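Peer 1: Here's the letter readout for the chains.
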Amino acid sequence: SAVISQKPSRDICQRGTSLTIQCQVDSQVTMMFWYRQQPGQSLTLIATANQGSEATYESGFVIDKFPISRPNLTFSTLTVSNMSPEDSSIYLCSVERATNEKLFFGSGTQLSVL
Amino acid sequence: GENVEQHPSTLSVQEGDSAVIKCTYSDSASNYFPWYKQELGKRPQLIIDIRSNVGEKKDQRIAVTLNKTAKHFSLHITETQPEDSAVYFCAASKGSRNQFYFGTGTSLTVIP
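Chains as they are written, first to last, in my numbering: chain A, 461 to 574; chain B, 63 to 174.
The following block holds chain A by itself, in its conformation from the complex (with noise of 0.2 angstroms):
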């Protein structure tokens, strides 16, 4: 399996601002994930962060809102922008790795926004 460290591991936010999520990977990988999970629900991908180009996104997401970086094959960063209470959720970073193409995950963020 991999490391995935994944940074804050919760926050509660004010209605408006911004919030980055940090995922680094001990290793070289091929695909990085965000994904999100609301309480009691299945995880939704949200994008794809590809390495030194634009992130893919799945539909109901755009990159006003949540923006994706992910300068390098090990770190990658999610920002949930001008954030709403819809926003609260749990925020999920995953890698696959070329060797095994298996998916992990990392430990996750618990966005809570009042």
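Just so you know, these hints were derived from the structure itself, not from any lab. Take every hint as true, because none was put in to throw you off.
As a list, the in silico DSS-like pairs of lysine-lysine whose alpha-carbon atoms are at most 27 angstroms apart:
1. A:K562 / B:K120
2. B:K104 / A:K525
3. A:K467 / B:K104
4. B:K104 / A:K562
5. B:K119 / B:K99
6. A:K562 / B:K119
7. A:K467 / A:K562
8. B:K119 / B:K133
9. A:K562 / B:K156
10. B:K133 / A:K562
11. A:K562 / B:K130
12. A:K467 / B:K99
13. B:K99 / B:K120
A quick note: this is a predicted structure, and the numbers were derived from the prediction, not measured.
Starting from the structure of chain A, add chain B where the hints point.
Peer 2: Relative to chain A, chain B alone:
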């Protein structure tokens, strides 16, 4: 795109009994099917997976079966223990560099 359905949404079993969770998928091009276990407040953990060239895979008390023709796969947990209590997610993917599609989850409770 792919659609993964998972049943049941909740499952309660007595300790020592077996538990079975079923998933169906829609895209015949999907060829990799992992299962994740998520304990409360924790990240999803990969517990077992199967590829489309295999019909069954077993790892101690956990097994997964795949029926490509019917496009469904199942997780089997035998001799359940209280520590098996968690939410289980199935997923489907077309393989490397393709996204994973997750089922809606099954909350398993093992009653001591």
